[in-house]
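Asks: Sequence:
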Amino acid sequence: VVGGYDFVGEQWPDGPLAPDPDPIDYEGHGTHVADIIGGEQGVAPGASLYAIKVCSAVASSCSGAAILQGLEYAVDPNQDGKSDDHVDIVNMSFGSAYDNSYLDDLSTAVQHADRLGVLTVASAGNNGDRPYIVGTPATAPAAFAVAQTQAPGALAYPLSYSSPLGLAGQYKNTTALDWAPMTTNVSGDVVYLGRGCNADTYLANPSGKVALIDRGGCNVSEKVARASKAGALGVLIAMTTPGDPTTFWNGGECPAPAEGACAPSLVITLTDANQIKTILRASTISVSISRDTTIALAGSVVNSSSRGPSSGEMFPGGLLAGQYGQLIKPEIGAPGGSVSARVGSGSGTEPFGGTSGSAPMVSGAAALLLADIWDTSLPPRISELLAVQHCTDKKVRSVKISPREIKARLMNTAETTIYANPTTTSGVLAPITRIGGGELRVDRAMAASASAWEFHGAGGSLSFGMVDVSDNSLKLYRVLEVKNYTKRPITYKIDNAFRYADDQENGAVTVMPARTVITIPPYRSRYLLITLAIDGSKLRSWDLSSGLSGGDTTALNRLEYDGYLTLTDRKNAQNNLHVAWQVLPRLSPNVQITSEGTQASSTPFSLANQGVGAGSYIPLPLLGENTTT
1 VVGGYDFVGE
11 QWPDGPLAPD
21 PDPIDYEGHG
31 THVADIIGGE
41 QGVAPGASLY
51 AIKVCSAVAS
61 SCSGAAILQG
71 LEYAVDPNQD
81 GKSDDHVDIV
91 NMSFGSAYDN
101 SYLDDLSTAV
111 QHADRLGVLT
121 VASAGNNGDR
131 PYIVGTPATA
141 PAAFAVAQTQ
151 APGALAYPLS
161 YSSPLGLAGQ
171 YKNTTALDWA
181 PMTTNVSGDV
191 VYLGRGCNAD
201 TYLANPSGKV
211 ALIDRGGCNV
221 SEKVARASKA
231 GALGVLIAMT
241 TPGDPTTFWN
251 GGECPAPAEG
261 ACAPSLVITL
271 TDANQIKTIL
281 RASTISVSIS
291 RDTTIALAGS
301 VVNSSSRGPS
311 SGEMFPGGLL
321 AGQYGQLIKP
331 EIGAPGGSVS
341 ARVGSGSGTE
351 PFGGTSGSAP
361 MVSGAAALLL
371 ADIWDTSLPP
381 RISELLAVQH
391 CTDKKVRSVK
401 ISPREIKARL
411 MNTAETTIYA
421 NPTTTSGVLA
431 PITRIGGGEL
441 RVDRAMAASA
451 SAWEFHGAGG
461 SLSFGMVDVS
471 DNSLKLYRVL
481 EVKNYTKRPI
491 TYKIDNAFRY
501 ADDQENGAVT
511 VMPARTVITI
521 PPYRSRYLLI
531 TLAIDGSKLR
541 SWDLSSGLSG
551 GDTTALNRLE
561 YDGYLTLTDR
571 KNAQNNLHVA
581 WQVLPRLSPN
591 VQITSEGTQA
601 SSTPFSLANQ
611 GVGAGSYIPL
621 PLLGENTTT
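So in this note's numbering, spot 344 of the sequence shown is number 344, and the numbers just go up one at a time.
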């Protein structure tokens with residue numbers, strides 16, 4: 001750690017901001033992030049770190065003003081009013097859901113930092129597989145939004161159950177808590193405790209039983225720790241909203257798993273929890289969890305990882321479309337479950353997860369890639385200049401690799417075979433709006449010699465967003481820039497691959513590159529027009545809404561079209577690239593007045609729908625007119 005500053009203090013918002021020069025960590029979040037990026041076992045152990053504290057000790061409250069000040073510090077650490085000493089990468093393992101990036105001050109600041117050469121890596125969020133729930137600062141166009149994928153050894157533990165009522169089966173859709181792991185097999189009768197916080201009265205005695213506890217009211221770790229101390233053999237945390245079970249952060253009540261303070265715990269769905277409660281009202285139910293009966297989760301997205309795309313405005317059809325919203329977010333995935341440094345322990349470790357743990361994985365990878373590109377992929381005269389001036393001269397920084405080039409390379413070379421939820425949908429790929437370019441593969445990124453990104457955008461994807469389609473034919477356009485970082489030309493064959501076979505078979509969407517073969521000269525870029533054509537007559541009927549069904553993941557899966565544009569170097573597979581694309585076409589009407597009545601007469605209006613989608617209208621009376629000009 002070479003520098004830093006505390007812009008918030010420990011008491012905000014219960015007290016005023018209290019900045020000071022010592023950014024000491026309080027509850028451990030920042031320590032985990034720093035260790036994952038640049039610790040001894042981190043991704044980039046040679047990286048120099050600045051610790052910029054913007055969240056207090058009051059329930060991890062993060063001050064907006066402190067965050068903006070922190071970002072300003074990152075672009076000018078010596079505070080001389082010049083940005084020639086700016087950091088290369090900012091990691092932001094925090095955020096809020098559903099925010100519009102173009103209306104948010106922090107997103108604006110991220111955009112300004114990008115123009116100065118600073119890449120912002122941001123957590124996509126832990127709000128699950130819900131349309132548009134990804135939030136700021138990850139939704140800023142220039143931010144690198146990171147999803148959480150499963151760690152290589154991650155496992156799900158099916159929950160077997162039986163009852164004297166003759167019911168028996170298995171709940172497969174469960175999530176283990178890495179801070180209360182399956183250190184032993186669990187078997188016993190279930191008792192329902194209610195909410196189970198320290199301030200609550202238990203509805204039953206959990207001693208020698210498996211405790212079922214509802215989510216909400218306090219940290220899940222507080223619930224697990226209390227039930228464990230009361231003698232529970234295991235703990236089942238019941239989701240209180242529909243959807244897949246998610247993981248939860250350890251608030252400190254459960255020490256390191258090796259200390260065995262907390263009983264083995266699983267999170268289960270609302271549906272499964274309700275069935276258990278129904279059985280308990282009439283009889284008893286026994287459950288068992290075996291360490292030998294597991295489902296491998298590696299290569300899949302974590303249930304709690306937030307889904308995109310970003311919300312906000314876009315301008316369909318033009319080459320500048322998608323600049324302010326409807327962008328593919330998250331843009332990449334990385335494992336978020338790590339064992340990293342425990343704050344204040346000197347040498348202790350503990351589990352850490354969520355997209356807060358995924359973002360520093362990508363930040364570390366970006367640091368490795370940035371160093372590698374400078375060492376190996378620039379023209380000789382620039383490499384020699386770097387060797388002499390060590391990246392400190394203003395002229396050197398003026399020719400630096402841009403943040404979007406780093407983003408693009410990591411996205412272009414990520415692993416695309418990433419699945420949704422193996423416990424419920426084995427073999428079903430995760431949609432682009434959950435994993436973007438795929439799961440991080442920094443070795444592939446460092447081996448490649450080219451990058452591809454949307455010319456008018458800020459990253460390595462082609463975002464077409466939500467568009468109204470009222471005609472049989474609609475065409476959208478994007479420009480793809482492909483850059484070669486070597487002294488030899490690279491020739492690519494361009495193809496399109498749909499994410500799902502039924503979308504391709506449907507025939508409503510076609511992705512057409514202007515050329516199928518393109519040659520990129522040494523150290524140069526070439527540009528390729530990409531046309532996305534939509535046949536409105538083949539679109540599926542629209543059933544998304546912003547009401548109670550606004551979080552309907554199944555509807556979004558059915559309506560959106562996505563895939564990858566692939567660039568294949570037939571001479572060197574290490575240069576193969578892919579670019580994610582996504583569109584959400586809404587079948588829309590085009591209602592026109594074909595004959596008009598007058599205000600003074602009873603002549604009826606005639607309306608005709610000239611679009612491909614069904615339409616409706618609401619008649620409203622004209623109560624008066626204001627002729628004031």
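These are computed hints drawn from the structure, not numbers from a lab.
Be a bit skeptical, because a hint or two may be false.
To be verified - DSBU-like cross-link-like pairs, simulated, lysine-lysine; straight-line CA separation at most 30 Å: (1) Lys172 - Lys82; (2) Lys172 - Lys229; (3) Lys571 - Lys487; (4) Lys475 - Lys571; (5) Lys538 - Lys487; (6) Lys538 - Lys571; (7) Lys475 - Lys493; (8) Lys475 - Lys538; (9) Lys483 - Lys538; (10) Lys493 - Lys483.
To be verified - Derived Cβ-Cβ restraints for the label pairs, each shown as a range: (11) Asp85 - Gly299: 37 to 45 Å; (12) Asp76 - Ser402: 16 to 24 Å; (13) Asp200 - Ala447: 53 to 61 Å.
Where a beta carbon is used, it is the ideal one built from N, C-alpha and C, also for glycine.
Asks: Of all the hints given earlier, name the ones this structure violates by number, lowest first.
Replies: 1, 4, 5, 6 and 9
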